Amino acid sequence: MTELLQNLIDGLGRGSIYALLALGVAVIFGVMHLLNFAHGELITVSGYVAFWTINEGWSWYLVTPVIIGTAIVTSLVIERVAFSRVRGSSDFTLLLTSFGVHFVVSAIFLLYVSASVKTFSEPGWVADTFPVGSLNVEVYDAVVIGVTLVTLLGTSWLVQRTMFGLALRAAAADFDTARLMGVRSDTVIRGAFALSGLLAGIAGVFWLMRSGHTTPTVGITPMLKGVLAALIGGLGSLRGAVLGGFVLGLAEVLLRSRLPDSVASLTEGFVFLMIALLFIFRPQGLIRVAHAERV
Amino acid sequence: MLEVSRLTTRYGAISALRDADLHVGSGEVVGLIGPNGAGKTTLLGSIAGLLSPAAGSVTFEGADITGRSPEKLLRLGVALVPEHRRIFGDLTVEENLKIGGITQSRDERAELLHDMGERFPVLREKRTVAAGYLSGGESQQLAIARALMSKPRLLMMDEPSLGLAPVLVDVVFELIETLRSQGRTLLVVEQNATRMLEVADRAYVLRSGEVVAEGTGADLRARPDLFDTFVGGNGQ
Amino acid sequence: MAENTGRSTAHAGMFPNLRRDVAFPIVGVGVLFGVFVAFGLLYQSYFGGAGERLVTTSMINAIIVLGIQIYVGNTGVLSFGHIGFGAIAGYTFAIFAIAPAEKVKRIPDAPLGLTDVDMGSWGAVGVAIAVTVVVAFFVGIGLARSGAESGAVAATVITLALLFVTHEVARHWPELTGGERAGLSFRIGGKLDTRVPIYLALAGSLVLARLFAQSRRGRLAKAGREDDLAARAMGVNPMVQQMIALLTSVAVVSVGASLKVYETGSLLPEDFFFFFTLLTLTMLIVGGRNSVTGALFGVAVITVGRELARRLGQDGFEVFGLGLDSAPLDWIFRENLQTVFLGVAMLGFMIWRPKGILSDWEFDEWLYRAFTRTQSAPPVPQATMGADQDARLEVSDVSVVFGGFQALSQSGFEVRSGEVVGVIGPNGAGKTTMLNVITGLVPATSGQVKLNGVDLIGTPSHEVARAGLVRTFQNLRLFGSLTVRENVEVTRLVAIAEHDDRSTPETDVLVAAAGLWDHRDRRASELDYGNSRRLELARAAAARPLFLLLDEPTSGMSDTESLAMVEQVQTMAALVGAGVVVIDHDLDFIIGICDRIYCLDRGSVIATGNPEEIQADPAVQAAYLGSSAS
Chain A
1 MTELLQNLID GLGRGSIYAL LALGVAVIFG VMHLLNFAHG ELITVSGYVA
51 FWTINEGWSW YLVTPVIIGT AIVTSLVIER VAFSRVRGSS DFTLLLTSFG
101 VHFVVSAIFL LYVSASVKTF SEPGWVADTF PVGSLNVEVY DAVVIGVTLV
151 TLLGTSWLVQ RTMFGLALRA AAADFDTARL MGVRSDTVIR GAFALSGLLA
201 GIAGVFWLMR SGHTTPTVGI TPMLKGVLAA LIGGLGSLRG AVLGGFVLGL
251 AEVLLRSRLP DSVASLTEGF VFLMIALLFI FRPQGLIRVA HAERV
Chain B
296 MLEVSRLTTR YGAISALRDA DLHVGSGEVV GLIGPNGAGK TTLLGSIAGL
346 LSPAAGSVTF EGADITGRSP EKLLRLGVAL VPEHRRIFGD LTVEENLKIG
396 GITQSRDERA ELLHDMGERF PVLREKRTVA AGYLSGGESQ QLAIARALMS
446 KPRLLMMDEP SLGLAPVLVD VVFELIETLR SQGRTLLVVE QNATRMLEVA
496 DRAYVLRSGE VVAEGTGADL RARPDLFDTF VGGNGQ
Chain C
532 MAENTGRSTA HAGMFPNLRR DVAFPIVGVG VLFGVFVAFG LLYQSYFGGA
582 GERLVTTSMI NAIIVLGIQI YVGNTGVLSF GHIGFGAIAG YTFAIFAIAP
632 AEKVKRIPDA PLGLTDVDMG SWGAVGVAIA VTVVVAFFVG IGLARSGAES
682 GAVAATVITL ALLFVTHEVA RHWPELTGGE RAGLSFRIGG KLDTRVPIYL
732 ALAGSLVLAR LFAQSRRGRL AKAGREDDLA ARAMGVNPMV QQMIALLTSV
782 AVVSVGASLK VYETGSLLPE DFFFFFTLLT LTMLIVGGRN SVTGALFGVA
832 VITVGRELAR RLGQDGFEVF GLGLDSAPLD WIFRENLQTV FLGVAMLGFM
882 IWRPKGILSD WEFDEWLYRA FTRTQSAPPV PQATMGADQD ARLEVSDVSV
932 VFGGFQALSQ SGFEVRSGEV VGVIGPNGAG KTTMLNVITG LVPATSGQVK
982 LNGVDLIGTP SHEVARAGLV RTFQNLRLFG SLTVRENVEV TRLVAIAEHD
1032 DRSTPETDVL VAAAGLWDHR DRRASELDYG NSRRLELARA AAARPLFLLL
1082 DEPTSGMSDT ESLAMVEQVQ TMAALVGAGV VVIDHDLDFI IGICDRIYCL
1132 DRGSVIATGN PEEIQADPAV QAAYLGSSAS
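Those protein sequence lines, which keep their order, are chains A, B and C.
According to our numbering, numbering within the first sequence proceeds without interruption in unit steps and concludes at 295.
According to our numbering, numbering within the second sequence proceeds without interruption in unit steps and concludes at 531.
According to our numbering, numbering within the third sequence proceeds without interruption in unit steps and concludes at 1161.
Derived from the structure by calculation, the hints contain no laboratory data.
Being a predicted model, the structure only gives us computed values, none of them experimental.
In this text, a Cβ means the ideal position worked out from N, Cα and C, and glycines have one as well.
You may find that some hints are simply not true.
Restricting the straight-line Cα-Cα distance to at most 35 Å, the calculated cross-link-like pairs of lysine-lysine (DSBU-like) are [claimed, not checked]:
id, chain 1, residue 1, chain 2, residue 2
1, C, Lys981, C, Lys886
2, B, Lys446, B, Lys421
3, C, Lys636, A, Lys118
4, B, Lys367, C, Lys636
5, B, Lys446, B, Lys367
Here are a few chain A residues that sit away from chain C, every Cβ distance over 12 Å (derived from the structure) [what the hints assert, rightly or not]:
id, residue
6, Asp91
7, Gly269
8, Leu273
If you want the footprint, here are the derived chain B segments under chain A, 3+ residues with CB under 8 Å [said to hold, decoys possible]:
id, stretch
9, 352-366
10, 374-381
11, 385-395
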């Protein structure tokens, strides 16, 4: 029982980060039908900003807003330079464009910074724990879960209660009609990229706090988790993306702790197997988004 | 107010609209009638900026608006109620209306929302319902109310009576009548020609992508070939 | 015109036309192979040892790129996972090919006693293919299922996840793979030291890729790529075609991956991961993913481009004999420039030329067209095939409700072989919904669709088509980037496989009968409206249906064209012996062609009768003009 609760907390911590990443992927998929394989690049760029600032002696409290700002700006720049030119293209073109962006960004760091791992110090409290009953809760997990909760509530308010959120939902449902109502496509798409950048920035802070290093390809893993979680939840559904993130996080933690030691390192493989099974039995993901096609 | 001259629109190699001329004066109600595939929807789409015309021009209140994006046109005062209504089914009725008023200030939007509630009581009643659950007649009212939220000077409607039961068709035409009596400018695509000619000041008849006739309701009703034009005849 | 003689089912097997689909491709591929290899030999004789290595690598890359092309090009699904399959093949090959004495040093505790297995290189290639194809089969089931619901996007993510997982497994299962750092390695001198197998494999994969594209399977897959819904309506099940393309493609990739490992002499997880995926995909995309010629061309372009970028990074502009030795340029053009080159090439092509340099141009097709340009149209026989048929379609009491909206209520009609029945009615009357119900695209709330007494409600679209009900689409759903001939041929191939007991008119006869002979080699997307409609008709007729269901065949046509369409429909129906159900709003056309007419209004049949009766019916006039008299 204790172990299960412990797993649950670890899984929620991990799932929180995945949920933030997946939500960013889903927001962009909604308005542009673009599955953003360059989403992880926001973390790559943030990682180098963390490396430069922290090694200059900045504290994490100062670095945090800088990282979030960097992620938002990077997201907007990528939209301007690449994605704005392929709006409305086929899925194939959109997918490969984002794949291309991923490689250009990581190659720039490889070329003009270094291929080697750059490290920076994590905040001191990352490894601290505090007892709750018989459990040992990491301060880090508590912070991650708390901040994610606040972020998700904020995003939910933004999407449900503001005119921007309304425009975002309308554009995701029917872009042409939204434009007929006066919704500006540039505003909505850039807004979506800014929001996606903000969410990735927050996730990035947590990711980097724990890992304490960056490389040109550091973004691949978070990107994959975000994209997979969005897919598990049901592409296009914001609620699904968050759900998918938590499901993926919990599944990983539970599997890792339950699998025999000899194969524990193959957790990723088992998770994939489960995702594949999910798709065979429920191809639309956990939450279905209706797509109408007129004949 | 609206001046369309020699407008041609193509889908790939296909000209769906050829050299269409049309004008709408301020306060006029103008009908666009003709069979399926005649190019009526293409004409409205080309005016509203959803399609880019290959040739010709569209002028609104003296300004050239050819090929402008729909969001720009809406801000100039041109609104379109699209074919099949295109209600945002997952959004509530009130949210649909708010989207329609996105170009208005917050206060004005609230006021317009109130107005629409007065004018369309059923929408006020169901304002928290997801719009996908509305009946055909209700969602047509919502589509029109949503377009009115932008305070358009020219309101275009594409087949507002499409797929509605007879009693609801009556409701739609009463609504057009009301808008007309308020002095609004309307350009309406309609397949229900008889009813349309009753409420319109003038109408254009389209066939195979071309404007083939123009005149007042009485003029067009007096034309013996109108029935044939509709059902595809060429005076056999 | 040897290929046009009346042997309609003689080559009903793999290839529709042996000369065009086998002979010319093999000749064409031979030329491509010759040019590619000659270019390589020239390059290495000029640059020596380093050049030799580059040429060998590019040939192996070409095999893998061709393998990916078979899947991506024919199905249109973007796969990031083929390098993952490559990893599976590469490891399988290495584990089975490396001598036990060497394996004891690296992976002494491999599971299943693999340490002691000694297969030899060629047996190991076979095992690699077998293992990878089995894995691909299971991945393919997931791909097919996901694609059915959310289009190609979900399938792409699954392939990406596969790549990632094979990488993770390779890194974290050192007992089998030697892990992340040590990896697997052939003993010194144990690696491939001759280019002969590479030449053979390259030639083989070129032939296979090209023949697959021309084969029945390849053509059906391409129909699904162009328009999934239309393909189903013609009787093609795209899921099956995608699976076959996947397995074929993975087999070729496995051979390429084995050679890559054998030639390198060692294997690390990193060898088959993101970078190699980027490299092979860029080659495919830049050349033109829908063409074998394009894929090979892309390999050459990217190999040369990368090499140039590498040297530019190393030596600056001295590569071009320019002595621009300025510090800022050196800073920009520095070592590893080639890695940026690939990303930029992919991004640039996606933005400015997403179809690649050659798009879907094939050398042998060009050659074939050049040889057959003067071919004359075959005669269109007047004789009806299967006039003896007595089929019967009964649609009764069909109701459809969409979210509270009654699109159809208790409607139906009947038609027999040899008849032409019209369904008319104003916009929104439910005519197209009726066709959608019959062809399995829209579920009926209640009612029956009986073909010769068998109820087809609930049958998937492609099976309805195979049972003999084939439709056209109101808003034109042709296979846009296929030629006119290919559009017709695809459905004809389905018909031949399905009804081998009945003869089906030759593709060229159908094309000529549709009046499209002069446009036979043009892409469907380049046709004008009238010709597109005629092609829709010919394509549906080629499926040799019991009943042709035509959705607004004259929509958007001029009066003269509409009248010509009457004859067109009659010719086609007679040619394949099909009954006709036609939906239209054009009364002239309907009256000109129909034996019996049903008039729908607001989801219900309001009048039935022969053309004269319908014309005189006041309810019909009211429905059309919308007078409130009804």
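Sort out which numbered hints this structure fails and list those numbers smallest first. Hints 1, 4, 6, 7, 8 not satisfied by this model.
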